[in-house]
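S.K.: Take the sequence shown: its position 33, counting from 1, is numbered 64 in the numbering used here, and each next residue is one higher.
Worth flagging that the hints you see were computed from the coordinates, not collected in a lab. You may find that some hints are simply not true.
[Claimed, not checked] Capping the alpha-carbon separation at 30 Å, the derived lysine-lysine pairs in DSSO-like fashion look like this:
(1) 41 with 54
(2) 82 with 41
(3) 154 with 82
(4) 66 with 41
(5) 82 with 56
(6) 56 with 154
(7) 187 with 82
(8) 115 with 66
(9) 56 with 115
(10) 115 with 41
(11) 154 with 66
(12) 154 with 41
(13) 187 with 154
(14) 66 with 82
(15) 187 with 56
(16) 54 with 154
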Amino acid sequence: MTTIYGYEVKQANGEMESLEHYKGKPLIIVNTASKCGLTPQFEGLQRLYEKYQHLGLEILGFPSGQFNDQEFQTQQETMEFCQKNYGVSFPMFSKVDVNGELAEPLFDYLTSWGENGAGGEIKWNFTKFLIDREGNIVHRYEPQIEPEQLEEDIRKIL
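Given only the sequences and the hints, what does the whole structure look like? Please build it.
M.R.: If you want it as structure tokens, here you go:
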């Protein structure tokens with residue numbers, strides 16, 4: 032596949048959704064965790080969403096317990112935590128693996144892309160991928176990059 036639009040992902044309610052639904056919108060796709068030292072990045076992601084959603088930006092969060100099991104066991108706990116503690120209103124999807132044999136196919140695709148050697152397995156929670164309006168990966172940001180640091184690149188694709 033040459034864009035993300037060929038993938039289907041499981042929503043938090045268990046229903047499948049085609050990423051075709053987001054065609055024409057810039058996206059940030061991020062693997063999240065509720066019990067991680069980087070969890071406060073939810074605040075920055077939510078601020079970006081509030082600031083740029085009216086221009087089409089969508090943020091798609093994919094909880095993962097793959098790194099030291101830092102995600103709740105149930106989807107309901109994850110959703111309640113994100114909404115109560117960080118006011119998350121952007122779409123959150125079902126818990127996934129992002130690396131390895133059981134990795135969500137979308138993440139296999141995302142990690143196969145590399146800019147300046149940035150491809151390969153996801154190293155930790157809150158790895159972020161910026162996707163343009165045509166569904167192409169524009170940039171990968173490692174976990175320590177704060178959401179606010181994406182703003183200039185986001186404005187370029189809006």
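S.K.: The structure should be examined with respect to each hint, and the outcome stated for every one.
M.R.: Here is how each hint holds up against the structure:
{"no.": "1", "hint": "41 with 54", "in the structure": "17 Å, holds"}
{"no.": "2", "hint": "82 with 41", "in the structure": "26 Å, holds"}
{"no.": "3", "hint": "154 with 82", "in the structure": "28 Å, holds"}
{"no.": "4", "hint": "66 with 41", "in the structure": "22 Å, holds"}
{"no.": "5", "hint": "82 with 56", "in the structure": "15 Å, holds"}
{"no.": "6", "hint": "56 with 154", "in the structure": "27 Å, holds"}
{"no.": "7", "hint": "187 with 82", "in the structure": "15 Å, holds"}
{"no.": "8", "hint": "115 with 66", "in the structure": "14 Å, holds"}
{"no.": "9", "hint": "56 with 115", "in the structure": "27 Å, holds"}
{"no.": "10", "hint": "115 with 41", "in the structure": "22 Å, holds"}
{"no.": "11", "hint": "154 with 66", "in the structure": "16 Å, holds"}
{"no.": "12", "hint": "154 with 41", "in the structure": "23 Å, holds"}
{"no.": "13", "hint": "187 with 154", "in the structure": "27 Å, holds"}
{"no.": "14", "hint": "66 with 82", "in the structure": "26 Å, holds"}
{"no.": "15", "hint": "187 with 56", "in the structure": "13 Å, holds"}
{"no.": "16", "hint": "54 with 154", "in the structure": "28 Å, holds"}
Of the numbered hints listed earlier, not one is contradicted by the structure.
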